[in-house]
Structure formats: structure tokens, C-alpha cells
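Number of protein chains: 2
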Amino acid sequence: MTTYTPPLKDIQFVIHDVLKVTESGIPGYEELSPDFTQAVLDEAGKIAANVLHPLNKTGDEQGCVLENGVVRTPEGFKAAYDQVREGGWTGLDCNPAFGGQGLPHLMNTATGEMFSAANMAFQMYVGLSHGAASALHAHGTEEQKATYLPKLYSGEWSGTMNLTEPQCGTDLGLIRTKAEPQPDGSYRITGQKIWISAGEHDLTDNIIHLVLAKIPGGPEGVKGISLFVVPKFLVKEDGGLGERNRLSCGGLEQKMGIHANATCVMDYDGATGWLVGEAHKGMRAMFTMMNEARLSVALQGFSQGEVAYQNALGFARERLQGRDVTGMKNPDGPADPIIVHPDVRRNLLDQKTLVEGSRALAYWGAELIDRGRLAGDEDAEAMISLLIPVMKGFLTDKGFETTVLAQQTLGGSGFTKQWGLEQFVRDARIAMVYEGTNGIQSLDLVGRKLGSNGGQTMMAFFEIVKSFIRENEGSETLKSDFLDPLKEALKDLQAAVMYFMAEGMKNPLNALSGSYDFMHLFGHVAVGFMWARMAKASLDALEDGASDRDFYETKLATGRYYMARQLPATRLHLARITSGAEPVMALEAANF
Amino acid sequence: MTTYTPPLKDIQFVIHDVLKVTESGIPGYEELSPDFTQAVLDEAGKIAANVLHPLNKTGDEQGCVLENGVVRTPEGFKAAYDQVREGGWTGLDCNPAFGGQGLPHLMNTATGEMFSAANMAFQMYVGLSHGAASALHAHGTEEQKATYLPKLYSGEWSGTMNLTEPQCGTDLGLIRTKAEPQPDGSYRITGQKIWISAGEHDLTDNIIHLVLAKIPGGPEGVKGISLFVVPKFLVKEDGGLGERNRLSCGGLEQKMGIHANATCVMDYDGATGWLVGEAHKGMRAMFTMMNEARLSVALQGFSQGEVAYQNALGFARERLQGRDVTGMKNPDGPADPIIVHPDVRRNLLDQKTLVEGSRALAYWGAELIDRGRLAGDEDAEAMISLLIPVMKGFLTDKGFETTVLAQQTLGGSGFTKQWGLEQFVRDARIAMVYEGTNGIQSLDLVGRKLGSNGGQTMMAFFEIVKSFIRENEGSETLKSDFLDPLKEALKDLQAAVMYFMAEGMKNPLNALSGSYDFMHLFGHVAVGFMWARMAKASLDALEDGASDRDFYETKLATGRYYMARQLPATRLHLARITSGAEPVMALEAANF
Numbered sequence: 113m114t115t116y117t118p119p120l121k122d123i124q125f126v127i128h129d130v131l132k133v134t135e136s137g138i139p140g141y142e143e144l145s146p147d148f149t150q151a152v153l154d155e156a157g158k159i160a161a162n163v164l165h166p167l168n169k170t171g172d173e174q175g176c177v178l179e180n181g182v183v184r185t186p187e188g189f190k191a192a193y194d195q196v197r198e199g200g201w202t203g204l205d206c207n208p209a210f211g212g213q214g215l216p217h218l219m220n221t222a223t224g225e226m227f228s229a230a231n232m233a234f235q236m237y238v239g240l241s242h243g244a245a246s247a248l249h250a251h252g253t254e255e256q257k258a259t260y261l262p263k264l265y266s267g268e269w270s271g272t273m274n275l276t277e278p279q280c281g282t283d284l285g286l287i288r289t290k291a292e293p294q295p296d297g298s299y300r301i302t303g304q305k306i307w308i309s310a311g312e313h314d315l316t317d318n319i320i321h322l323v324l325a326k327i328p329g330g331p332e333g334v335k336g337i338s339l340f341v342v343p344k345f346l347v348k349e350d351g352g353l354g355e356r357n358r359l360s361c362g363g364l365e366q367k368m369g370i371h372a373n374a375t376c377v378m379d380y381d382g383a384t385g386w387l388v389g390e391a392h393k394g395m396r397a398m399f400t401m402m403n404e405a406r407l408s409v410a411l412q413g414f415s416q417g418e419v420a421y422q423n424a425l426g427f428a429r430e431r432l433q434g435r436d437v438t439g440m441k442n443p444d445g446p447a448d449p450i451i452v453h454p455d456v457r458r459n460l461l462d463q464k465t466l467v468e469g470s471r472a473l474a475y476w477g478a479e480l481i482d483r484g485r486l487a488g489d490e491d492a493e494a495m496i497s498l499l500i501p502v503m504k505g506f507l508t509d510k511g512f513e514t515t516v517l518a519q520q521t522l523g524g525s526g527f528t529k530q531w532g533l534e535q536f537v538r539d540a541r542i543a544m545v546y547e548g549t550n551g552i553q554s555l556d557l558v559g560r561k562l563g564s565n566g567g568q569t570m571m572a573f574f575e576i577v578k579s580f581i582r583e584n585e586g587s588e589t590l591k592s593d594f595l596d597p598l599k600e601a602l603k604d605l606q607a608a609v610m611y612f613m614a615e616g617m618k619n620p621l622n623a624l625s626g627s628y629d630f631m632h633l634f635g636h637v638a639v640g641f642m643w644a645r646m647a648k649a650s651l652d653a654l655e656d657g658a659s660d661r662d663f664y665e666t667k668l669a670t671g672r673y674y675m676a677r678q679l680p681a682t683r684l685h686l687a688r689i690t691s692g693a694e695p696v697m698a699l700e701a702a703n704f
Numbered sequence: 113m114t115t116y117t118p119p120l121k122d123i124q125f126v127i128h129d130v131l132k133v134t135e136s137g138i139p140g141y142e143e144l145s146p147d148f149t150q151a152v153l154d155e156a157g158k159i160a161a162n163v164l165h166p167l168n169k170t171g172d173e174q175g176c177v178l179e180n181g182v183v184r185t186p187e188g189f190k191a192a193y194d195q196v197r198e199g200g201w202t203g204l205d206c207n208p209a210f211g212g213q214g215l216p217h218l219m220n221t222a223t224g225e226m227f228s229a230a231n232m233a234f235q236m237y238v239g240l241s242h243g244a245a246s247a248l249h250a251h252g253t254e255e256q257k258a259t260y261l262p263k264l265y266s267g268e269w270s271g272t273m274n275l276t277e278p279q280c281g282t283d284l285g286l287i288r289t290k291a292e293p294q295p296d297g298s299y300r301i302t303g304q305k306i307w308i309s310a311g312e313h314d315l316t317d318n319i320i321h322l323v324l325a326k327i328p329g330g331p332e333g334v335k336g337i338s339l340f341v342v343p344k345f346l347v348k349e350d351g352g353l354g355e356r357n358r359l360s361c362g363g364l365e366q367k368m369g370i371h372a373n374a375t376c377v378m379d380y381d382g383a384t385g386w387l388v389g390e391a392h393k394g395m396r397a398m399f400t401m402m403n404e405a406r407l408s409v410a411l412q413g414f415s416q417g418e419v420a421y422q423n424a425l426g427f428a429r430e431r432l433q434g435r436d437v438t439g440m441k442n443p444d445g446p447a448d449p450i451i452v453h454p455d456v457r458r459n460l461l462d463q464k465t466l467v468e469g470s471r472a473l474a475y476w477g478a479e480l481i482d483r484g485r486l487a488g489d490e491d492a493e494a495m496i497s498l499l500i501p502v503m504k505g506f507l508t509d510k511g512f513e514t515t516v517l518a519q520q521t522l523g524g525s526g527f528t529k530q531w532g533l534e535q536f537v538r539d540a541r542i543a544m545v546y547e548g549t550n551g552i553q554s555l556d557l558v559g560r561k562l563g564s565n566g567g568q569t570m571m572a573f574f575e576i577v578k579s580f581i582r583e584n585e586g587s588e589t590l591k592s593d594f595l596d597p598l599k600e601a602l603k604d605l606q607a608a609v610m611y612f613m614a615e616g617m618k619n620p621l622n623a624l625s626g627s628y629d630f631m632h633l634f635g636h637v638a639v640g641f642m643w644a645r646m647a648k649a650s651l652d653a654l655e656d657g658a659s660d661r662d663f664y665e666t667k668l669a670t671g672r673y674y675m676a677r678q679l680p681a682t683r684l685h686l687a688r689i690t691s692g693a694e695p696v697m698a699l700e701a702a703n704f
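So the protein lines, in turn, are chains A and B.
For the numbering used here, count along the first sequence from 1 and bump the result up by 112.
For the numbering used here, count along the second sequence from 1 and bump the result up by 112.
Hints may contain errors.
All copies of an identical chain are treated as equivalent in the list; a pair is satisfied when it fits inside any one copy or across any two copies.
Unchecked claim - Here are the simulated lysine-lysine pairs, DSSO-like style, with alpha carbons at most 30 Å apart:
{"no.": "1", "residue 1": "Lys441", "residue 2": "Lys561"}
{"no.": "2", "residue 1": "Lys441", "residue 2": "Lys290"}
{"no.": "3", "residue 1": "Lys618", "residue 2": "Lys591"}
{"no.": "4", "residue 1": "Lys529", "residue 2": "Lys169"}
{"no.": "5", "residue 1": "Lys190", "residue 2": "Lys529"}
{"no.": "6", "residue 1": "Lys441", "residue 2": "Lys393"}
{"no.": "7", "residue 1": "Lys335", "residue 2": "Lys441"}
{"no.": "8", "residue 1": "Lys618", "residue 2": "Lys441"}
{"no.": "9", "residue 1": "Lys348", "residue 2": "Lys190"}
{"no.": "10", "residue 1": "Lys132", "residue 2": "Lys158"}
{"no.": "11", "residue 1": "Lys335", "residue 2": "Lys393"}
{"no.": "12", "residue 1": "Lys121", "residue 2": "Lys132"}
{"no.": "13", "residue 1": "Lys441", "residue 2": "Lys121"}
{"no.": "14", "residue 1": "Lys578", "residue 2": "Lys561"}
Hint data in this document are derived by calculation from the structure and do not stem from the laboratory.
Take these sequences, add in the hints, and give me the full structure.
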């Protein structure tokens with residue numbers, strides 16, 4: 113019952129009007145002309161709407177089935193996967209030396225948004241392979257890269273990340289899986305991993321597992337963790353498939369959502385693996401690709417919000433209940449469409465402003481990743497490292513919230529499986545959990561990122577926003593509706609940082625007790641900043657005589673809603689933060 | 113995997129320390145001694161924990177099945193229902209003249225909370241019968257009451273409410289089901305109703321449907337709606353079951369949650385029914401019991417929050433990950449329990465303060481209903497009418513939020529079916545929708561209740577809170593930690609009312625655009641007020657030398673968290689309200 117329309121115009125707006133990619137000076141971006149990106153996005157949008165979205169509901173209903181060690185994905189998934197693979201989408205932003213398409217990460221972000229919106233469970237198969245390939249590209253030997261990358265980029269093989277074990281998720285120092293060195297330089301991997309997305313399935317000929325394990329005798333805790341590549345089928349010298357490795361899928365997790373993605377228990381029973389990167393430096397190897405992986409989860413958050421919003425909007429325009437209090441809008445019908453009612457609009461505008469603001473923020477994140485990678489800009493790398501926990505935590509929390517709001521637009525219909533909104537809620541929920549729970553994101557932000565470089569990157573963020581405000585205060589519209597609220601919100605963020613500096617120094621619990629609220633406060637400022645940039649871009653386009661005035665005026669009106677109704681949340685988060693550790697730590701554990 | 117422990121001590125605290133029921137002067141309350149209520153709650157708690165909760169997960173998994181017009185409830189439901197029925201719980205607060213137990217509604221609220229927490233889908237069968245019985249009691253003829261009430265109170269028969277049709281949910285003026293008068297005084301009911309909870313099932317011998325329909329020739333819209341009683345089996349003069357009525361279950365809705373409750377399409381195919389109350393006054397008859405029905409949904413909200421919190425807390429005490437930054441707490445184990453971490457505590461305390469505050473507010477609501485009904489206090493009736501949309505809307509929104517927070521406490525485990533938290537999320541979600549969506553609650557509040565009695569009831573609420581503050585400002589602890597924050601929050605509520613008066617007068621859209629935020633602003637003030645009352649009660653108990661000092665000190669510490677970290681949300685809601693209609697109404701429907 114649900115539909116998905118690729119938001120091509122909104123995506124092009126962010127890429128060209130807001131980020132102005134061709135003027136950015138990032139190597140490779142000069143090719144991203146509006147016509148070129150439109151052509152790429154058009155094709156990806158067609159696959160998302162026509163191939164992936166029609167499988168979203170049936171995928172949820174059928175789920176994955178494990179029989180005799182083999183996982184069967186839902187009907188149509190294999191054919192859809194082949195289409196995605198043959199279109200070159202699995203290697204879009206990958207190194208051409210190994211068969212990738214060589215486009216910037218920004219383009220993969222835009223296509224990834226659409227694929228995720230259309231069918232999140234499906235896109236996870238593609239996304240996880242991409243992550244595994246990135247880790248191998250960054251840390252693998254030349255031989256490993258030559259062996260695995262071409263097949264991973266082409267999508268003939270897929271990849272996974274194996275971190276979690278029953279006794280450890282967040283605290284990876286507790287890992288028990290062991291890797292015993294063999295005389296031939298390989299390792300024997302033994303242990304059990306859980307919650308391995310796409311750990312086993314029928315979409316590809318081989319599955320390349322990246323596995324965290326401990327080499328006996330190494331250091332305790334996280335400092336003794338190494339990363340291994342462990343293929344399902346060993347690869348022969350000629351690149352063909354050899355014998356089956358000693359690993360198997362021991363069970364599938366029954367979950368609230370993303371039923372079409374196989375969440376596997378993986379048993380390694382003396383499997384053959386090879387060290388990736390240095391021994392005992394596995395965590396570092398994992399962290400290399402953390403920014404990309406977490407940004408892709410942030411995408412999942414708002415992309416589920418986008419598709420949910422589209423369907424809520426369709427319902428609100430069609431469903432006839434009650435009359436507009438200011439005079440009926442549909443006099444020939446039995447009632448007016450519910451979109452006339454202020455509270456329905458409030459609900460829809462909360463959705464719309466969160467989704468569009470999130471997109472702009474995420475794409476800025478992708479641009480920063482590209483600027484770091486392609487232009488070697490270390491400041492951009494530092495900035496994206498600071499922003500990543502904000503993007504992952506805030507955008508997935510708000511993405512889930514958006515799906516719940518959209519479900520509410522439909523009233524009782526939203527609760528039924530028939531209308532399909534409830535699936536978006538169930539699927540979006542996981543994004544708040546994996547790739548580090550959002551609580552962990554907030555600790556990463558406050559405990560690690562905020563103070564890194566002596567706090568310089570945080571100061572640089574303030575300066576970016578402040579200089580944008582300074583440069584544009586001449587415009588009355590921008591000033592009153594966008595820049596003044598942004599300035600207030602920025603003050604709240606600065607006050608929170610000051611509080612952490614002063615009080616967190618005295619007692620770290622004062623900072624840690626406010627970490628989650630800080631992540632949200634930062635998120636609102638960042639999205640508010642993006643709305644100000646979108647407003648500026650829209651005003652510029654209108655001044656330049658853009659033909660589609662409605663589009664840009666709508667952007668301005670939508671942005672005004674965010675600034676007036678969402679951004680004031682910064683004050684609440686600041687109040688929570690500055691109440692400090694006392695209320696949080698007062699109770700003994702036994703008295704909860 | 114989930115457990116449920118009846119929160120007897122917390123419930124007794126609200127009933128006796130906070131509401132001080134035996135001193136209240138409400139007829140019937142003099143019998144509610146602590147020993148008596150403890151005995152009742154003990155028994156209800158045992159059923160909740162030992163009979164109903166063990167069926168919660170299997171009920172979700174099996175759901176209801178429709179075969180040849182008959183609905184089969186999940187395994188064990190019939191036996192559990194019989195146990196509830198035989199214990200007299202179905203008629204606990206009902207009129208003894210028809211076989212009810214005659215206890216105050218407050219006691220039904222307390223037992224209802226536990227039954228709902230333990231198994232929401234199960235308790236709906238009981239709750240809907242109660243609602244139907246209440247409508248018949250208020251509006252039925254003596255003959256109708258004698259025919260139906262004893263069997264409904266005893267639970268031998270059950271009842272339903274039939275309002276919604278495919279083309280109308282909120283806007284009941286669009287109802288098409290017709291009721292044609294017959295020479296014998298009965299009516300022939302023809303039409304289709306949807307989303308009829310417990311419309312068909314195997315728990316009782318008969319099902320008494322209350323159906324809204326239009327008598328041909330009556331007034332247009334809601335003024336032409338009448339209420340009918342339409343039993344599944346006609347009742348013979350001797351009270352025995354006669355022939356099958358011409359009505360049937362045409363299908364079961366597939367839903368996100370409450371799988372064990374049958375949500376039916378009901379087809380009335382010339383069924384025989386009898387008018388309840390006056391012709392064309394069906395809406396009024398329905399509204400009579402609205403307060404009770406909506407309060408019971410509010411209960412569902414926080415009761416799912418309660419059981420979710422209990423399970424999140426259990427996990428947080430057991431799960432070992434990471435170390436306390438202030439020094440390890442579990443040196444002999446591989447890691448500390450996660451409850452040591454500030455952000456886990458933040459999460460748990462948001463849950464705990466919402467649940468306990470919601471309970472106090474809901475029980476105050478039940479007391480007001482009793483005060484209106486048993487003491488004939490019209491001010492109490494006006495107050496509960498004002499508060500009901502706040503309780504229904506705020507407590508179900510926050511109840512759902514609590515289940516999501518609890519699910520997050522478990523990280524990845526929270527997303528799995530095995531741990532069971534995700535069911536609480538799915539079940540709690542519906543409470544935001546039925547008995548009038550929460551958007552509709554907010555319109556009822558702002559559009560109808562706020563201005564009724566010329567606004568006197570709202571002023572009376574302000575006065576209740578203000579005089580509580582005045583009377584207790586002498587206590588320094590109360591003043592700084594509870595009364596001062598409450599005063600600030602109350603000012604925000606008053607400012608919102610002033611805004612509606614001034615700006616809503618000029619343009620009703622200014623009030624309607626802020627209705628949802630007003631409901632939440634009011635909810636926070638009301639729950640904040642209850643926390644202040646709980647703090648006062650706890651201080652009193654400590655001064656009186658209560659033996660369980662830990663309990664009361666924990667209440668104080670918990671309340672401080674609410675006042676410091678939840679209550680400041682009032683300012684955000686006020687900011688959203690006073691931004692007015694402009695941001696909400698700016699966009700044309702076509703430009704969303």
C-alpha cells in the first residue's frame with residue numbers, strides 16, 4: 113500500500129543550491145554538474161521506486177528463513193540484488209583501480225538515501241559489503257585487496273562485520289573469539305558472534321567476513337583485539353571459489369523489524385582467516401571506517417522518515433474528515449481533507465522539517481568526508497569526526513520520531529499492517545541501536561570528540577556558524593526568521609560547552625550526565641544551521657529569478673517552521689545539562 | 113523472558129500517602145483502609161503476575177484467528193478470563209443492584225493498571241465490557257439494565273463499542289449504518305463497522321454490541337446519531353440465549369501490536385437492536401462514559417511504561433559492560449553493571465519519573481471521577497472533564513516514549529523478540545490512537561474544555577496548584593526543589609492560556625495550532641504538581657518517623673529528577689504555542 117517517490121528535486125537542491133558542489137574545489141566534484149548528478153539520481157531513483165520499494169512489504173512479511181545452514185532471502189530479493197549489482201551501484205564511490213566507479217562519497221550518500229528509504233532491509237546487504245570493502249581497502253595487504261575488492265565492488269561477493277558476542281556489545285574488550293596463528297601465516301578462528309547482519313544469505317556466491325578476535329598471548333582488553341578476513345568459501349589462486357570454510361550460521365534472530373535482513377548467529381569453528389592490518393590493532397582498523405558506517409545509519413534514520421512522511425502526506429490529502437474552521441475547502445465532498453486542520457499540519461511540518469534538515473546535514477557530512485579523503489583536508493576530517501556522533505544519534509532518533517509522527521497522521525490506519533506505516537516505525541527503530549547505540553554516540557561526542565584537538569574543532573564549528581551569521585545579517589528576512597533564532601540556539605550550545613568545561617573538570621559525571629542532551633542540542637543547532645543555509649540558498653535563487661518560485665518559497669516557509677518550532681528545543685536540553693550530575697546520580701542502584 | 117512485579121507499594125503510596133483516601137470524605141472511601149486496599153491489590157497483583165503476564169508473549173505470537181466466523185483467542189486466554197471473572201474483577205466498581213462489587217472507581221483503576229501492565233491485549237476484553245456496561249447503566253431502560261448488566265458485570269457476557277466505519281473515524285457525522293424502526297419497537301441495523309475491539313471472540317457466551325447508527329429521516333450529521341444495543345445472541349425473556357442475531361465478524365485487522373485482542377470488521381445485516389437513551393442523542397450517551405474510557409486508555413499508556421521499565425531495570429542491573437568512571441563497582445567481574453553509567457541512569461530515570469508521576473495523576477483522576485459520582489461534586493466533574501484529554505493524550509504519549517526508552521536500555525537485545533521489550537513498544541503504540549487520537553484529545557482540550565464554564569475550571573486548576581504552593585512554601589526542601597520549579601511551569605501554562613485568550617480570539621487558528629503543545633505543557637504541569645504532592649507526602653512520612661525511610665527518600669530523589677529534567681519542557685511547549693498559526697498555516701496543501 114505504501115509508495116515511494118524519489119525526492120530528486122530536494123536532493124539536487126542540497127547538492128547544487130546549498131553545497132554548490134562544483135564550486136567547492138574538492139577533486140572530483142568538478143564533474144558533478146547538475147545534469148550529471150540528475151542522470152545518476154534519476155537512475156538510482158528508478159531502481160529505488162520500481163525495484164526495491166515493491167519488495168519492502170513482502171520482504172517484511174516473509175522475512176529470512178534458515179534451513180540446513182542456508183538462509184533464504186524473501187522472494188524477489190535475489191533478482192533485485194542482481195539488478196543493483198549490474199547497474200554498478202555497489203561500487204559507486206569505490207576505487208577504480210579495483211573496479212569501482214570512482215564517484216565521490218556524496219553521490220553514494222544520495223543514492224544510498226533512496227535505496228534505504230525504499231527498502232532498508234535490502235540496502236543493508238549492500239551497505240555492509242561497502243563497509244567491509246572500505247576496511248579492506250584501508251588496511252588490507254595488496255594481495256588481500258586484489259583478492260577481495262573487485263568482487264566486493266562488483267557485488268558478486270558481499271561482506272560483513274563481526275564484532276558482537278553474547279557477553280559483549282559495547283564493551284569489546286570482553287571479546288572471547290580467538291585467533292590462533294598457523295604455520296602458513298593464516299589463523300584458526302574459533303568463537304561465536306551474534307547479531308551479524310547479512311551473515312548468511314543467498315544473494316552472492318561468497319561472503320567475506322571481517323571478524324574481531326584475540327590472538328592468544330596478546331594484551332588484555334581492547335588493546336588485544338585484531339581484525340581478520342574470513343571468507344565463507346576460501347579463494348583459490350585463480351580467484352575462483354575453493355573449499356567451504358569452517359564457519360556457519362547457527363541461527364537467525366527474530367526481531368521487531370528489518371525482517372528481510374538476516375541477523376545471524378555466526379559460529380566460527382576453527383575457520384581459516386587472515387590478519388588485516390597489524391596484530392592487536394583491530395579496533396583502530398574498525399574505527400577507520402566508522403565515520404562512513406555511522407553516516408550510512410544516519411541516512412537510514414531520515415530516509416525512513418522521508419518515506420513515512422510521503423505516505424502520511426498522501427493520506428492527509430485524501431482522507432476526508434471534519435471541516436476547515438475557517439471555511440470549508442471541499443464543499444462538494446462530505447468533509448474536507450484533513451490537511452486543512454492545524455494540528456495535522458503541525459504533525460506534518462514536524463516531519464517535513466526534520467527530514468529535509470537531516471538530509472542537508474547528512475550531505476554536508478558526506479561532503480566533509482570527501483573533502484578529507486579527496487582533498488586531504490585535515491580540518492574537514494576533524495570536523496566530520498566531531499559531527500558523526502551527532503548525525504548518527506540525532507538523525508536516527510529524529511528519524512524514528514518522524515516515522516511515529518507519520519503513523520499518527522493516519523490515525524487507526526497507521527496501526528494496521530495494511531497501510532504499511534507501522535513497518536517504517538519498526539524498521540527505523542534499529543538505527544538508534546546498531547553501529548553503537550545512541551547513548552554510546554553521546555559518550556563518544558562528549559567524552560572523546562568534544563575535547564579532541566584541545567577543543568579546537570568545536571570552536572571551529574562555532575566559527576563556521578558565526579561567520580555564516582555575520583555574512584548574511586544584511587538580509588532582513590534571513591536575520592529575523594533564521595539568523596536570530598540560530599544565534600540564540602548557538603548560545604545554548606556554547607553555554608553547554610562552557611558548563612562541561614567548568615563543571616566536567618570538577619566532576620566528569622557532570623559532563624557524562626548531560627551527554628545525551630548535548631547530542632540533541634548540537635543536533636538542533638546543526639540542523640538549524642543547515643536550514644539557515646537552505647534559506648539563504650533559496651533567497652539567492654529567488655533573487656536570481658529562478659523559474660520555480662514555489663519550490664524556493666516553500667523551502668523558506670518550511671525552514672521558518674523549523675526555526676520557530678523545533679529549534680527552541682535547545683533551551684530545554686541546556687536546562688537538562690546544567691542540572692548536572694546530582695539528579696542522575698542521587699539514587700543507589702538498589703533503589704531504582 | 114519478561115517479568116512483571118505488581119508495584120503494590122507504589123500504588124499504596126499514592127492511595128494512602130498522597131490521596132489520603134480515608135480522609136477524603138468521599139462516600140465509600142471510608143472503607144478503603146490500607147489493610148483493605150492491600151488485600152484487594154494483593155489478589156489482583158497475583159492474577160496479573162501469575163495468570164495474565166505469562167500469556168502476554170504467547171498471546172502476541174499466536175494472535176487471534178478467524179475461522180468460519182468464529183474468533184479463537186490465544187491459548188490460555190479463556191482459562192485466564194474465567195479466573196478473572198470468577199474473582200469478581202469484571203464488576204469491581206459496578207452497581208451492587210446488578211451484581212457489581214460496589215467499590216470505588218479508584219480501586220478499579222489500580223487493578224486495571226496491573227492487569228493492563230501484565231497483558232494489555234487481554235485486559236482490553238475486560239475494559240471494553242466495562243465501558244459498554246457503563247453506557248447501558250447510564251442510559252438504558254430498566255428492562256435493558258436488568259437484561260444485560262448482571263451478565264456483563266459477572267463477565268459471563270462481554271460488550272463492545274461500535275463507532276468507526278471505513279469512511280469515518282473522528283468525524284462521526286459521516287456514519288452510514290442505518291437503523292430502521294420495526295413495528296415491535298426494535299430496529300433493524302444494517303451497515304459495516306471497523307476496528308471493533310473484542311467484536312468477536314471465544315471468551316464469553318454472548319457479546320453485547322453498542323452500535324452508533326442513524327435512524328432514516330433524522331437530522332444530518334452528528335445530531336442524527338442514535339445508540340443501539342445489539343446482542344450477538346438475542347436474549348429470551350427468561351434471560352437465556354435465543355437465536356443468533358444477523359451480525360457477523362467479517363475479518364480481523366492485522367496490526368502492529370495487541371495481537372491477542374481481536375480487532376474486527378463487524379457486518380450488521382439487518383440485525384435486531386434496541387434504542388439506548390433518546391433517538392438522535394447517541395453521541396451524548398457515548399460521551400457520558402468518555403471520561404472513564406479515556407482514563408482507562410491513559411492507564412494502558414503508563415502501565416506499559418511500568419512493565420517496560422521493570423524489565424529495563426532488571427537488565428541494567430545484570431548486564432556487565434564497561435567500568436564506572438569513578439571507580440569499578442564490580443571488581444570481581446569482567447565489567448560493571450551498566451546501571452553505573454550516567455547515561456543509562458538518565459534513561460532509566462526518565463522512565464521511572466514518567467511512570468510514577470503518571471500513576472499519581474491518573475489515580476487523582478479516578479478520585480475526581482468518584483468524587484463526582486459518589487459525592488455529587490460538580491466541581492470535581494468539571495475538573496476531570498478538563499483533565500481527561502490531558503491524561504489520555506499526555507500519559508499515552510509518554511507511556512509509549514517510556515517503552516521506547518526501556519527498549520533502548522537493552523541495546524540490541526531490546527530489538528529482539530526474545531527479550532520481549534519490543535512488544536511493549538508495539539502494544540503501547542495504539543493507546544495514542546484509539547478512544548480519540550491524541551490530536552483529537554488536544555482539540556477537545558483547547559477547543560471545548562478550556563473555555564467551558566467561562567474558563568472557570570481552568571482557573572480552579574491554577575488555584576489548586578497555587579494554594580498547594582502557598583501552603584507548603586515554609587518547607588525549604590519543598591520550596592527549592594519542587595515548588596519553585598512548579599511555579600515556573602505554572603507560569604508557562606498561564607502564559608499559554610493568556611495567549612490563547614488574546615490571540616485565539618483574533619484568529620482561532622492561533623489556538624488550534626498550539627493545541628498539541630498545550631496538552632503536553634498542561635500534562636507536565638499536572639505531573640509536576642503530582643510530584644510536588646508526592647514529595648510533600650514523603651517528607652511528612654519521614655517526619656512522622658516512617659520505618660521505610662529508603663522508600664520515601666527514593667521518592668524525593670526521583671521527584672527531584674522530574675522537576676529538574678522533565679518539567680523544563682514547559683518552556684519549549686510555550687515557545688511553540690506562542691509562535692502562533694503563521695508557521696503552521698503558511699504552506700498551501702499542494703506545497704507540502
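Evaluation of the provided hints:
Taking the closest pair of Cα atoms, Lys441 and Lys561 come within 30 Å of each other only across two copies (26 Å); inside a single copy the shortest separation is 52 Å, beyond that limit. In this assembly of identical chains, Lys441 and Lys290 lie within 30 Å of each other by CA distance solely across copies; the values are 28 Å between and 69 Å within a copy. Proximity of Lys618 to Lys591 under the C-alpha cut-off of 30 Å is restricted to the inter-copy arrangement: shortest distance 27 Å between copies versus 38 Å within a copy. In this assembly of identical chains, the alpha carbons of Lys529 and Lys169 lie at most 30 Å apart whether taken from the same copy (9 Å) or from different copies (19 Å).
Taking the shortest alpha-carbon separations for Lys190 and Lys529, both the intra-copy value of 24 Å and the inter-copy value of 26 Å come in at or below 30 Å. Proximity of Lys441 to Lys393 under the C-alpha cut-off of 30 Å is restricted to the inter-copy arrangement: shortest distance 28 Å between copies versus 65 Å within a copy. Only between protomers do Lys335 and Lys441 lie at most 30 Å apart by alpha-carbon distance; the minimum there is 22 Å, versus 66 Å within a single protomer. In this assembly of identical chains, the alpha carbons of Lys618 and Lys441 lie at most 30 Å apart only when taken from different copies (21 Å versus 61 Å within one copy).
Within a single copy, Lys348 and Lys190 get their C-alpha atoms as close as 25 Å, which meets the 30 Å cut-off; across copies the closest is 62 Å, which misses it. Only within a single protomer do Lys132 and Lys158 lie at most 30 Å apart by alpha-carbon distance; the minimum there is 25 Å, versus 66 Å between protomers. Taking the shortest alpha-carbon separations for Lys335 and Lys393, only the intra-copy value of 7 Å comes in at or below 30 Å, while the best inter-copy value is 75 Å. Taking the closest pair of Cα atoms, Lys121 and Lys132 come within 30 Å of each other only inside a single copy of the chain (15 Å); across copies the shortest separation is 62 Å, beyond that limit.
In the homo-oligomer, the alpha carbons of Lys441 and Lys121 lie at most 30 Å apart inside one protomer (29 Å), although the nearest pairing across protomers, at 54 Å, exceeds that limit. Proximity of Lys578 and Lys561 under a CA criterion of 30 Å is satisfied intra-copy only: 21 Å inside one chain copy versus 45 Å between copies.
When each numbered hint is compared with the structure, no violation occurs for any of them.
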